[in-house]
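Asks: Below, each chain spelled out in residue letters.
Protein chains: 2
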Amino acid sequence: MADYQFETSKVIEKAKKYNPRIIGLQFPDGLKIHALKLARKLEKELGVTVLISADPCYGACDVADTKLEGIVDLLIHYGHSPLPLDYNIPVIFIEAYAKVDIIPALRSSLKLLSGYDKVGVATTTQHLHLLDEAIKFLEDHGKKVLSAKGVGTRRGQVLGCNFSSVKELDVDVYLFIGSGDFHPLGIRLFTGKPVIAADPYTGQVNNIEDFADRILRIRFAAITRAREAKKWGVIMSSKKGQKRLSLALNLKKLLEDSGREAFIIILDDVSPELLVPFRDLNAFVVSACPRMPVDDYHLYDKPILTPIELEIVLGKRGWEDYTLDEILF
Amino acid sequence: MADYQFETSKVIEKAKKYNPRIIGLQFPDGLKIHALKLARKLEKELGVTVLISADPCYGACDVADTKLEGIVDLLIHYGHSPLPLDYNIPVIFIEAYAKVDIIPALRSSLKLLSGYDKVGVATTTQHLHLLDEAIKFLEDHGKKVLSAKGVGTRRGQVLGCNFSSVKELDVDVYLFIGSGDFHPLGIRLFTGKPVIAADPYTGQVNNIEDFADRILRIRFAAITRAREAKKWGVIMSSKKGQKRLSLALNLKKLLEDSGREAFIIILDDVSPELLVPFRDLNAFVVSACPRMPVDDYHLYDKPILTPIELEIVLGKRGWEDYTLDEILF
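Taken in order, these protein sequences are the chains called Y and D. Per my numbering: the first sequence = residues 1 to 329. Per my numbering: the second sequence = residues 1001 to 1329.
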C-alpha cells in the first residue's frame, strides 16, 4: 500500500486559526482507507469532532463544501490542489504527496526516451514534489527538459480535464510520471507527440501509443453509433467544479437545431443505473466530467459522447480535429 | 404500468407566477419514467428549459433544492408532500396521486377484517385522495373507521419514517392501503395491533404479522452480532431532511462513553460500496434515513442498526421496548 504525506502538523496549525468545533475530512477514493487514523489523530490533537465524507470524490471539482455547509466549521480536502472556485465554508487543501522513490521508474524510462532530445515532463498532484528530482535525473542523463505552468495548474501538473501545462511545449516527447493510462492519453491527444508513462509505484514504463489508438477506435465507433440517435440526453452535473450550465444549454440547442430531441438530465454522481428510467433516450452527451465518456464508456449500453464528439456527429467538426474535452477555469 | 395525476395544468398555472427561465423536475425513482414526457410538455407550454434531476430520491427529506440552487429558478417535486423545512429555492410539490380503483382491494380486505369492529386506516401519499372513498366503503360494510392527522403528516398519511398519524387511535385493527410491506410493518411495530395491508395496484391483501415476525428476528440477530463490535461508524446524511447532526453527535458520545470507538461518516446517498474503505469498522448505527438499517440490512456484511437498536446493544433499552426509528419535525 502506498503511503502519503498527510502533513498532520501543518493541518493542525492551520485548523487552529478557524477555532473549529466540527471538522469535515474529504478524500479521493484511493486515500479513504487512511481516514479513520487521521480522524482519530485530529480529534485528539484539536479537541474537535471529525466527520468523514464518504461520498465519491473524483477531483477538486468535487469539494464537499456545499454538502457540509451548516454542518462543519472547516473542511480538510486531501489529494487535490484547489481550483479557482469560491467555497461556501473554509477549506484547507492538502495535496497528499506520495512517499515513493521515483528514480527506478525514471531509470527504466531512459530506454524508451532514447533517440529523443527535448523531453516535456508532466505529472499528477501526488507527485508534484518529485518534479525537480525527475528533471535533474533526466538532465543528468543528457536530456533537455521542459515544463510549464497551465491555466489553473502548477508547473508540470495535469488533471484528467486540464492539459494546459503541456500543450505549448516545444519538445520531441513527453514523459508522464504517475499511474494509469488516462493522463498520458490526454497528453498524447492534445499534443500529437509520443508519450512515455513511468509509474513510480510499480516502476513500469510504457509508450501510450497503443492505448491511445485503442481509445480512438472506441470513440470513433461511439460517434458512428450516435449518428442514428434521435432522442438525446444532455448529462449535466450539479457539482460546483463540473456545473457548465451554459454548455449544457448550448448542447441542447445544438441538438434541437439539428432536428433532434434533447433533454437535460442533472445528477450529482453520474452512473448507468441512474439513467435507466430514461430508456427512451438513444444517446448521451456529457457537459459534466470530461473524463466520463472516455473512461466509463464500457458501463453504458448507449453511446455516451463528449461535447467535441457531438460536434463531429453533427458535422461541425472533422474527425481529424478530434481532441478531449477540458474544463479550464 | 400505474398511471398518476401529474396535474400539469395546475403546475403550469403555479409555475407562471415565478416567471422561471429554467425549471428543475424531481421524481421518486418509480415516477422517473414519466419525466421526459412531462419535461417536453412543460417546455412547450411554459417556454422554459427543463432540467430533470436523476439523483435517487427517497422522500420529501430529499428535495434537490440545495443541489439545484443557482441553476434552476423553480423546482417541481413530484410524489411527496412537503415537510416543514426551509428550501433554498421555490419548490412546488405535486403529490402524483395514483389513478387506481381502490374498491377491489378493499373488498378483498373484508374477509381479513372480519371479527374486528374498529378499524384505523392509513395510506401513503399516492393514495391520500382515496381515503374518503375507502372510509365510506368500510363504513358501508359495518365498520367503525378512525383516522387522524400526524405530526407533519395529513389525515391517514404515514411515511416510512413517520407513523404519528396512527399511534393514538383507539382501534382493534389497522388497514393499510398501498404497496409494499414496510409501511404496514411500521404501523404494527408502533401500535402493537394487527395490520392488514391492501395493495390497490394488485388487489392483493395480506396480514403483516408473519413479515413483522421475520423482520424482528433479523433485527434481534443484528443487535446480538453488534454487541461484540468495538469500532463503530455513525452514518449521517447530508440531506436536509435526514441531517440529524445532534443525534449523530449523541450516538458517537454514547458509544465512546461505553468504551467503544466511534467515527461519524457523512454521505449524501448511503450505499455499501461507499463504506468499503472503512473496513476497520465492525458495526454501523444510522442517524440518516430510519428505514435504511431495516430495509437494506441484506446489502451490508456488518451489523447496521438504528439508534434505538444501539440503545438495546448498550443496555439502555430492553428488547421488549423495541420500535422503529422516526424523524418527526
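Everything labelled a hint here was simulated from the structure, so no lab data went into it. Be aware that a few hints might be false.
Covered stretches of chain Y, as calculated for chain D (at least 3 residues, CB under 8 Å) [stated by the list, open to error]:
{"no.": "1", "segment": "67–73"}
{"no.": "2", "segment": "82–96"}
{"no.": "3", "segment": "136–148"}
{"no.": "4", "segment": "232–244"}
{"no.": "5", "segment": "258–265"}
{"no.": "6", "segment": "277–291"}
Here are some chain Y residues pointing at chain D (derived, C-beta under 10 Å) [stated by the list, open to error]:
{"no.": "7", "residue": "A2"}
{"no.": "8", "residue": "A39"}
{"no.": "9", "residue": "D268"}
No experiment lies behind these values; they were computed from the predicted model shown. For every residue, glycine included, the Cβ atom is placed at its ideal position computed from N, Cα and C.
Asks: If a hint holds in the structure, say so; if it does not, say that too.
Replies: Structure-based check of all given hints:
For the segment 67–73 of chain Y, the stated coverage by chain D holds: 3 residues have a C-beta nearer than 8 Å to a C-beta of that chain, and at least 3 were required. Counting residues of the segment 82–96 of chain Y whose beta carbon lies closer than 8 Å to any beta carbon of chain D gives 0, which falls short of the minimum of three for the stated coverage. Proximity of the segment 136–148 of chain Y to chain D, defined as three or more residues with a beta carbon under 8 Å from a beta carbon of that chain, is not established by the 0 residues found. As drawn, the segment 232–244 of chain Y meets chain D at 3 residues by the rule of a beta-carbon pair under 8 Å; at three or more, the given contact holds.
For the segment 258–265 of chain Y, the assignment as covered by chain D holds, since 4 residues bring a beta-carbon within under 8 Å of that chain's beta-carbons and 3 suffice. Beta-carbon proximity to chain D at under 8 Å applies to 5 residues in the segment 277–291 of chain Y; the threshold of 3 is reached and the given coverage holds. For A2 (chain Y), the suggested interface contact is broken, since its CB lies about 14 Å from the closest CB of chain D, more than 10 Å. Look at A39 (chain Y): its Cβ gets to within about 6 Å of chain D, closer than 10 Å, so that hint holds up.
Here the hint on D268 (chain Y) is kept, as its CB sits about 5 Å from the closest CB of chain D, short of 10 Å.
Violated hints, listed in ascending order, are 2, 3 and 7; each of the other numbered hints is respected by the structure.
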